[in-house]
Amino acid sequence: MQVYADNAATTKLSKKALDAMLPVLTDIYGNPSSLHTVGQTAKEYLEKAREDVARAINADSKEIYFTSGGSEADNQALRTGAYLGAKKGKRHIISTKFEHHAVLHTLDALKKEAFDVTLVDVHETGVVTVEDIRNAVTEDTCLVTVMMANNEIGTIQPIKEIAEFCKEKGIYFHTDAVQAVGHIPVDVKDLGVDMLSISAHKFHGPKGVGVLYVRKGIPLISIIEGGAQERGKRAGTENLAGIVGMAAAISEAVENLENNMKKLYGLRDALIDGLKGIERCRINGSLEHHLPGTLNMCFEGIEGESLLLLLDAKGINASSGSACTSGSLDPSHVLLAIGVPVEIAHGSLRLSLSEENNIEQMQHVINSVKEVVTYLRSISPVWEKIKAEEE
Amino acid sequence: MQVYADNAATTKLSKKALDAMLPVLTDIYGNPSSLHTVGQTAKEYLEKAREDVARAINADSKEIYFTSGGSEADNQALRTGAYLGAKKGKRHIISTKFEHHAVLHTLDALKKEAFDVTLVDVHETGVVTVEDIRNAVTEDTCLVTVMMANNEIGTIQPIKEIAEFCKEKGIYFHTDAVQAVGHIPVDVKDLGVDMLSISAHKFHGPKGVGVLYVRKGIPLISIIEGGAQERGKRAGTENLAGIVGMAAAISEAVENLENNMKKLYGLRDALIDGLKGIERCRINGSLEHHLPGTLNMCFEGIEGESLLLLLDAKGINASSGSACTSGSLDPSHVLLAIGVPVEIAHGSLRLSLSEENNIEQMQHVINSVKEVVTYLRSISPVWEKIKAEEE
Amino acid sequence: MALYSEKVMDHFTNPRNVGKIEDANGIGEVGNARCGDIMKIYLKVNDDGIIEDVKFNTFGCASAIASSSMATEMIKGRHIDEALELTNKAVVEALDGLPPVKIHCSVLAEEAVKSAVKDYYDRKGIEYDTELFKEVSCSSCGEH
Amino acid sequence: MALYSEKVMDHFTNPRNVGKIEDANGIGEVGNARCGDIMKIYLKVNDDGIIEDVKFNTFGCASAIASSSMATEMIKGRHIDEALELTNKAVVEALDGLPPVKIHCSVLAEEAVKSAVKDYYDRKGIEYDTELFKEVSCSSCGEH
Ligand SMILES: Cc1ncc(COP(=O)(O)O)c(C=O)c1O
Ligand SMILES: Cc1ncc(COP(=O)(O)O)c(C=O)c1O
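Residue numbers (our numbering), protein chains in the order written: chain A, 1 to 391; chain V, 1 to 391; chain E, 1 to 144; chain H, 1 to 144.
These are calculated hints, taken from the structure and not from any lab test.
Keeping only pairs whose Cα atoms sit at most 25 Å apart, straight-line, the calculated DMTMM-like set for lysine to aspartate or glutamate is: (1) Lys387(A) to Glu29(H); (2) Lys7(H) to Glu47(V); (3) Lys20(E) to Glu391(V); (4) Lys87(A) to Glu113(V); (5) Lys87(V) to Asp116(A); (6) Lys233(A) to Glu47(A); (7) Lys262(A) to Glu356(A); (8) Lys15(V) to Glu356(V); (9) Lys370(V) to Asp269(V).
Construct the complete structure from the given sequences, taking the supplied hints into account.
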């Protein structure tokens, strides 16, 4: 049985998204900047997609900037907040310890440009509170960026409260909503955020296309200079097929949101029920404010990569942390941030579901995880020690 | 009769590129960074594409960095050259007056970061000489960037000579080869360039994907931070379908290069023959070193936008300058750079052909251009004055 | 074609009143070839002050030609004094809008009409408030 | 699965010599749970100094398990002194290569074997050149 359970890494393109892309790939070949009919037809598709995306998050289409993905959106948002702050003489940025590397590494780069960065601690629950942010704010703070839902453990942050607080203080607020959009309700007006990042391939859209939402009145700063595309804020001939596919996917995801969420909660709870009995395992991050389809667990005495490769051999595609840090030797910075001890953090497993999964698959996952964990522990000197200490 | 003659703005996706993309869009949905089979299969496609692209320009696959297009490649190349220079205390950059805005606007941004920029003049021929560069070099020069083929007038620059000169001087050399690759032979080893930009949609590949070639040994500097994709130099989940489509398109273009060039020269010469008799017209840029399929002309006494919209009404899609500056009121900076008087530069027309065009279409273009030019002149007070002065 | 409204495209591809009037008694020309637009308007005003005929010649983009066409239609058959009331806003509205970067074309049309009216007044020796005819400058490209 | 060679995957999914030896006369353990890899090697050396049996237990990634498996296979049946000649390079070669970030796993395997041999020498009171057994440090994650 094949079970793709790595939807937080990327998703399969939906039929609707593909169907939306195909005519663009074959017939709508114009450059949206060209004045002739072929170009203007392409432009109509572009602007229609912009409206669809705007509608999906309750934004105005003028607030939608297409990018090459979530990483670019994060980079541009952070540089915008930082540079706008610097113009006012403010150079302090607040974020959290468990952001995606697209945020953390951009902050590292900004540090080299003499910005101060405070990364607030994340509680054991995997949730940051508005108090944590309040305590970190200084006179010099120009930007706060907190992810909406964590990509590894799925915990959801109190974005609306933090946005409100930042607004009071006159601080720009950005949220990386790459894991949230299409999975839980996201309404930019209700949230009151200044900037918000989206990536299409996390909700069954194509890879390599994303959105930066920027609230009207905030002068976005370019990171890719050139032509006047995206109202002069993001140069480069538009990935029209990708953009149109993203618009179809986001519309579909938002339309089916409630049903999908219900289904995913059910599947995930089945997983939890089946796995929680395993000796010395833990669920990472509180399930109280949580994405419906993500489950992150640690199994003591084993190492994540062998776990996931043995699961792969059983047809189950999962992850041990986020996709882009695999291959690295360090345990997940997210798990460390929520206080999981290093040696336990090595034994992590992320199962991230989509509405295409079903309950039979969950049973296969449960059986396989139990089997593989038991096997790996049987050859693990770490597990041997744990058991010895127990006696 | 429909005639798409704006291939310098963008091209139609080729059948082969589409066929290469379709399985990726439907089945190869993994994230190349994921360790499981689905991810590693995606990775195989990614690396196969990298090899195909490398082969097409005689590079090593380790020298290929995928980007979201030509603009991003230009931005990253220029920032890399500039920042590497700054580390050695050198802050002078040389370029030309008729580069694409992706280069010119990045240089503007670098000026704000205290880099000095010299834009050398372009001769009436539309060609820069190595002497022009030599004359501009100072002790402080760290980077030279000269486009390989101009996007508006199609003239080809002596890249190999300039690269050689820069090498002698220990100056980084980048070329924007967006209009060249797939249209004329491009061999990075033979050219000896340090960095070279490519954009897929200029050779019947998909939009929103490109390449920055970086010679081994040059430490590329990231402009999009985050995950470890592209060996840590360009973060973001890869646009795999786009990359695979690009690889198919570049392979196809290089394979058919000779035949296509021959065909295009023929079509373009037919255009020239048919149009050169029009009173008070000129061909912009010398035809001696020139892309096979691009023709740029000015017709005195008329304005380019009305010309191209009336051609559009006759089924002919052309351009008046580059796509991304349309909508702007200024005449082409390229035409001004090669010394076309402002009032004449307003009356420009760029016809850019592809191998999908045919000779019947050229006849239609010739007849239509003649007709439209005659009409617009008949209602033009500028033309009236020109004629009056003639008498 | 979303670039321009259907009205603009109609007036661009089928411009009304295009041409010259050999015995015009009011001619105005505004704009500058360096800026990319020149409009020339010819008026034939009868003894009652009614604009019996109006023609234009324009060098410029689609919206410049459409604005000229629309402006001439709007003043044809009107009294010459009424022509002075033509505003660029009215031209834009009549064209169902113009893209922001093209608004200057409608300004040019207004100015061309005014310039032709002024020429008519001058020729007839009719007195007028010079305030109505401010110096025409090309705001769009900074030249004049 | 291009991540690892077929050999690595074979030794990972079907590791040879996995387990413990209750009456081992040489046991070595290297690595650190904080770094993500621990290897424990059990030797049963007969009176002629031949490694009659060897087993391992490993906590670690696929290449750690594969390296342990390969290393044990390479020393089984050899003389204990020959086991000391096992290099991480030989393990990597026998596995048809390892990704650059995983080379440390082969180093760990070499060190685990050495540590077990040293333990055997110590138990038997056999003298040896201490230079051969340098302090094991986890170069990959900076801890030890
Ligand atoms: C010479 C040149 N450089 C750069 C670009 C930018 O490429 P892209 O639109 O793929 O970003 C283009 C075309 O748009 C071009 O013609
Ligand atoms: C929370 C989060 N932010 C940003 C990204 C980066 O998005 P992309 O891969 O589209 O650049 C990801 C996923 O990779 C993510 O999970």
